[in-house]
Every structure is written in structure tokens, then in C-alpha cells.
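Chemist: Sequence:
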Amino acid sequence: MMRGSTTIFTVKDVAASLAYYRECVGFDVAFEYGTPTAYVGLCSGEVALHLIAAARAPRPPGHGAVSIYVDDVDTLHADLVKSGAKILNAPKDQDYGLRDFAIADIDGNMIFFAMELGKS
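The sequence shown begins at 0 in numbering that gives the first Met the number 0 and counts up one residue at a time.
It should be emphasised that the hints constitute simulated quantities derived from the structure, not laboratory data. Computed from a predicted model, the values in this text were never measured in an experiment. Relax, there's no trap hidden among the hints.
Below are the DSS-like pairs computed for lysine-lysine, each with C-alpha atoms no more than 30 Å apart in a straight line: (1) 85 x 11; (2) 11 x 81; (3) 81 x 91.
I would like the entire structure built from these sequences, with the hints used as guidance.
Modeler: Written out as C-alpha cells, the structure reads:
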């Protein structure tokens, strides 16, 4: 039985990416590995996201994407705009039953934030 998963993004600069995810997106650091840091675990609520330095990764930076489900897409969007996150699009009701928007990190990895329509 599966019990969870973690998305891993390859990044060019772990320290810069860590600062972005903490300051702009609101993640907390769960752990850091290496000197200098080559791998870091981040968390926000029940969501885990790991970052790995490009020198140790099997693929180049900027090729990842994840969708994170939230309670209130519009409030989160407003908070992320204020924090300086790189917003790719405004929240929109989609024909697949979600209201969502996307941001990009400093390497181009995409994070979609979504909620089911009718759940606000």
C-alpha cells in the first residue's frame, strides 16, 4: 500500500531556491543534506517538496511540475503576488472541474495550485 509521495525538483542553486521557496512560497525546511547543501527537504502542511543540486541530479533544472491542492486558490494567489513569486497566470475556473493557477520557481519548475470548483 502506498502512503505518500514527494516531488523532487532539480535546481541550479540550492541556496537561492531554498530562499525562494521559504520567502515567496511559504515552505519550511524539514532537513538539509551536504556541505554545501546539495539536497533539501521542504514542507508546508502535508505537502513535501525536495530540491536537489543539478550536479547530483539525473536531469537538468527546470523540467519539473507539481500540482498542490489548497483550500482557497484566490487568497493564496494574492499572498504569492505580494511575496514576489513568479506568477504564470491568474486563478481561473477550468472545464476539468478545478480552479487553478501556476507559478514558476527560479529554475522554471512549475507549481500549480488548485481547488475543486464549488469548494470555496
